[in-house]
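Visitor: Residue strings, one per chain:
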Amino acid sequence: MRERVAVGASAFGLVVCLSYAVLRLLAVGEPGGAGTVHIPFFWRSALAGLHGLVAGLAAASAVRDSDAWLERVPLAVALVLSFCVTIAVVFP
Amino acid sequence: MSAEVLYALLERLHGHLGWLGLAVLLHPVITLGKGRGVSRRMQLSADLAALLMAAPFALGAVIYPTYRSGVKPELVAQAPAVAAVFETKEHLAVFAVALAISGALVLRGAGKSAAGRRAARSMLAGAFVCAVMTGLAGLWVASHAHPAW
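Note that the protein sequences, when read in sequence, are chains A and B.
Residue numbers are given in this note's numbering: position 21 of the first sequence equals residue 21, and the series is strictly consecutive.
Residue numbers are given in this note's numbering: position 146 of the second sequence equals residue 146, and the series is strictly consecutive.
Hint data in this document are derived by calculation from the structure and do not stem from the laboratory.
A hint or two may mislead.
What the hints assert, rightly or not - Listed below are several chain B residues computed to face chain A (Cβ distance under 8 Å; list not exhaustive):
1) V38
2) R40
3) L44
4) A84
5) F95
6) A98
7) S102
8) G109
9) S113
10) A115
11) A119
To be verified - One-sided excerpt, in silico: chain B residues whose CB lies under 10 Å from chain A:
12) A3
13) K112
14) A142
No residue lacks a Cβ here, since even glycine has one placed at the ideal position from N, Cα and C.
I would like the entire structure built from these sequences, with the hints used as guidance.
Guide: Structure (structure tokens):
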């Protein structure tokens, strides 16, 4: 049970970051960039949180070998963060 | 207490709590790197760090409407580069909070296994890197664009 929580939590964190960056990327060129005063920052955060929650629950219920999953998390964190930080810096 | 004073107070609290969370987050990142098992203190510091990262984020949500209506229009008009750094800071804060919370939960759930500890450490270290960039960006923005209240 506790391993399932760990699997779900790792999926949650990664998907929140990824979802937030993709949502930001989708909004490029639309009203809401750094040059305007109407940035739906918290709506974007809330939506990313919801995506993370769904992904976390799905991963926790679907993954059978939690150790094999957790072994891959460091690489996934490196890849996801590289992508997300690039988006955050290039598209403020 | 006027709205301006309350905003200034909450804004400072937001910044100080964020730096405190950053400092606490360093403890599990370092101790998990030593390859030992999870101690009670290590778990406590990871949980506390996640809480101290989430609290300033929530405070940011409270002061954001005032920032958006009272500070941001002038900031965008007079210093667009500073406004852009502020936006980047917001994005990085989301990544830091998400990874800190998930890292603490991974440690709680799978801290007994080596794979679980490695996963937790990578998430907490990622959160730390994002939080450092967030804190530095916040300091830089505050030093350039503090409202004259």
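Visitor: Please name the hints from earlier in the document that this structure breaks, with their numbers sorted from lowest to highest.
Guide: 1, 2, 3, 12, 14
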